[in-house]
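Build out the structure end to end from the sequences listed, making use of the hints.
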Amino acid sequence: MAIEQGIWKLAGTTGELPQKLRPTGLADEGQLEDQIMQDVSILNRDWLLIGRQVRTGFDKLIDLLAIDANGTVIVIELKRDKTPRDVVAQAIDYASWVVTLADYQLIEIYQAFAERYQRPHASLEDAFEAKFGITLDSVTLNENHQLVVVATQLDASSERIINYLNEHAQLSINAMFFAAFEDQGNHYLSRAWMIDPDEPPQPAARKARKEPWNGEFYASFGDNRPWELARRYGFIAGGGAAWYSKTLAMLSEGDRVWVNIPKTGYVGVAEVTGERCRGDHFTVQTDQACQRLQDLTTATEYPQIHRATDVDDEEAAEYLVPVRWIASFPASQAFSEVGLFGNQNTVCKPTTPKWEHTVGRLKQAWKID
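The letter at position 190 of the sequence shown is residue 211 when you use our numbering, and the numbering goes up by one with no holes.
I should point out that these hints are in silico values taken from the structure, not numbers from a laboratory. These figures come from a predicted structure and were not determined experimentally.
When the alpha-carbon atoms are kept at most 25 Å apart in a straight line, the in silico BS3-like pairs for lysine-lysine are as follows:
1) K284 to K375
2) K370 to K284
3) K388 to K284
4) K370 to K267
5) K152 to K284
6) K370 to K384
7) K30 to K41
Just the calculated beta-carbon pair ranges, DEER-fashion:
8) W346 to R66: 48 to 54 Å
9) D55 to K388: 39 to 45 Å
10) D55 to W264: 52 to 58 Å
11) A151 to K284: 17 to 23 Å
12) A320 to G78: 53 to 59 Å
13) D158 to L82: 28 to 34 Å
14) E335 to N366: 16 to 22 Å
15) G78 to W29: 45 to 51 Å
16) I347 to D308: 19 to 25 Å
17) K81 to S357: 30 to 36 Å
18) W346 to D158: 26 to 32 Å
19) G78 to S357: 23 to 29 Å
20) E136 to Q59: 14 to 20 Å
Beta carbons: idealized from backbone N, C-alpha and C, even for Gly.
In structure tokens, the structure reads:
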């Protein structure tokens, strides 16, 4: 059903007729883009623009890219005059690329956008918090996406396709119609949604999925433990309760483990060289001899292995696993960005896509095969 828009100037006196403003049309798509760049609420006040003329992996340009407070990515394709059905297909094609984007790629898209167009916030983290009042890491980016075709009008075929995709394919795609008017030298825009945006949307969601384990272990190294000692003597650790120490037993000689300090970032990757051992029995090879780590450290340096523990209370003890560092870095040089895997377990075998992405990013950053 075609949507026709009009604006009338109300009559000022009795007997005077309302005057319909003269439709002028839009000079080009860029004119509308410029207006949206100045104020995205022309489209939706709850969106944050993150990209303009974004080049896809197949060398096409997405007109505008936005996100909302839930981290949903919105693909916005502007088309002037009557929109043929292939524009809808084009938007879906763009979405097939957007759905593959990791958090860091969206962050990079925004950074390039902010730099090129001199946005008030240089980073997506700052822009997101300023817009929505919540931190970026509190949402899951790109879990869902939506498509919006912006046009002066749609042909009947495109309308049928959009309605079908929403009602039967659970694909969130909508159309927004714009019209331009002029009155005594003043220019106006009006808009109308094809589908009421206040109705519950059907988000095009990436369903959570598990992947085969990639053979890489994750380890969390608590920030209350001596990271520099762990680097020097080659170990990872956990303890104080069974929940923290038992997962260390998952590691065997030859395993590779990626180490994260919570709220700091990834600080190293290592090859396991032995089995889990109580901290007060753990030994290291020095130039002099094989010595207990307890004898090489003070209670101030490593309180967990010097703390008095009942010999029968195995669960409360500190446990260590010996490792050979392939790469390790001071906590001040930790690798951290939105979208990396994190977990409170001391050791785990993640099977989420985010873990595959994290290992890939660390290999890239640290130049590890």
